[in-house]
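Novice: Sequence:
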Amino acid sequence: MAKPKKSLTAVERRAEELDTIAAVLPVERRDELAELLTDQDVETLRHLVNQGMGDNTLRALTSDLAYLEAWGLAATGQSLPWPAPEALLLKFVAHHLWDPQHRETDPDHGMPADVDEDLRSQGFLRSAGPHAPSTVRRRLANWSTLTRWRGFDGAFASPALKSAIRLAVRAVPRTRRRKSAKAVTGDVLAKLLATCTTDSLRDLRDRAILMVAFASGGRRRSEIAGLRSEQLTVEPPIPGDDGPSLPSLAIHLGRTKTTSGDEDDVVYLTGRPVDALNAWMVAAKIDSGSVFRAIGRWGTVSRRAIDPQSVNAILKQRAALAGLEPTELSAHGLRSGYLTEAANRGIPLPEAMEQSRHRSVQQASSYYNSATRRSGRAARML
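Numbering (our numbering), first residue to last: 675 to 1056.
Hints in this document: simulated from the structure, not taken from any laboratory. These numbers were taken from a predicted model, which means no experiment stands behind them. Heads up, a few of these hints could be off.
Unchecked claim - In silico DSSO-like pairs for lysine-lysine, Cα to Cα no more than 27 Å straight-line:
id: 1; residue 1: Lys765; residue 2: Lys836
id: 2; residue 1: Lys856; residue 2: Lys765
id: 3; residue 1: Lys865; residue 2: Lys990
Said to hold, decoys possible - Computed Cβ-Cβ distance ranges for the label pairs, DEER-style:
id: 4; residue 1: Leu995; residue 2: Gly917; range: 27 to 33 Å
id: 5; residue 1: Ala953; residue 2: Arg794; range: 34 to 40 Å
id: 6; residue 1: Ser795; residue 2: Asp861; range: 21 to 27 Å
By construction, the Cβ of each residue, glycine as well, lies at the ideal position given by its N, Cα and C atoms.
Sequences are here, hints too, so could you generate the full structure?
Specialist: Here it is as structure tokens:
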């Protein structure tokens, strides 16, 4: 007699549904999201996946939705109401845009201590101080978008909310910081790679991540974390200058942050990065699905992709091993470093942009570090 199938709890059911989404959209922290998100949240994400929304946009929406639900629970003790009342939106602004100096004399100013502690214990808050205005605006915009997709109107355009944001930003001016204080140029990359020269799975994976991310034009960490073997195609070898032909590989990025519609961006790898990638995939026995995966304590390779934040953590770990200052480096430094290295080697910016896939010359040139420009020929015309 067949055993009756065990009924799933609501959390287990949402976890399974999130797994089906992850087949298209790698979702980090699946088990925690299953407890945090509601059935309606998961259904909204499934609908967006089926509508073919870009992976990076979906990742951002999922991340912001998880944060909003976590904040709503911590601040009110309940899941987010849809649509959110204007008072809740104003509370969100008050909790995230506040004056650190005023906080010293008024401990109730800004995010309450219990809400801060709750979010921090779950990993949703890491740095101290108020949020960046751009982060608050983005989360409110995604909150508004999700509200409309649920068929509701919200108070996101209310004069009171706009005024609150404007006054908060004016009261707490912030200096725009680079996403990575230091670009990961060729010399820095060489020091990072020197820390992963063994044949261990972790060294092989990290070496492949660093080389592929840099050589493919400084790919975003979400693109590296979400890379799947189905996106890779072997290209004819490239004739070497003074030696054997070099292996070549195409990476089909699909829709990215700077593309739309059915446009498929393609970048190429040649030589050592291809060898590093192949060595990892052979050692980890990966022939389908996610390329870069977590490695367990006993050397077991997970079936799931690493999350984007792991790319950042790996780079910082390698920086520490190399004797560099981890706080000065981040995964985004690979993107600025690629373009800076291209400039140092005399590669024309348009050619470098073909690999980095930047659409705007102004945006691409902004990644050049001030130190490089300060010491360059353009600053020494006289």
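Novice: Does the structure keep Lys865 and Lys990 at a Cα separation of 27 Å or less?
Specialist: Holds - the C-alpha atoms of Lys990 and Lys865 are around 12 Å apart, at most 27 Å.
Novice: Is 21 to 27 Å right for how far apart the beta carbons of Ser795 and Asp861 are?
Specialist: About 39 Å separates the Cβ atoms of Ser795 and Asp861, which means 21 to 27 Å is violated.
Novice: Is it true that the CA of Lys856 sits at most 27 Å from the CA of Lys765?
Specialist: violated, 36 Å
Novice: Holds or violated: 27 to 33 Å for the Cβ distance of Leu995 and Gly917?
Specialist: holds, 31 Å
Novice: Are the Cα atoms of Lys765 and Lys836 separated by 27 Å or less?
Specialist: holds, 13 Å
Novice: Taking 34 to 40 Å as the stated bounds, is the beta-carbon spacing between Ala953 and Arg794 within them?
Specialist: Because 39 Å falls inside the window, the suggested range holds.
When held up to the earlier numbered hints, the structure conflicts with 2, 6 and fits the remainder.
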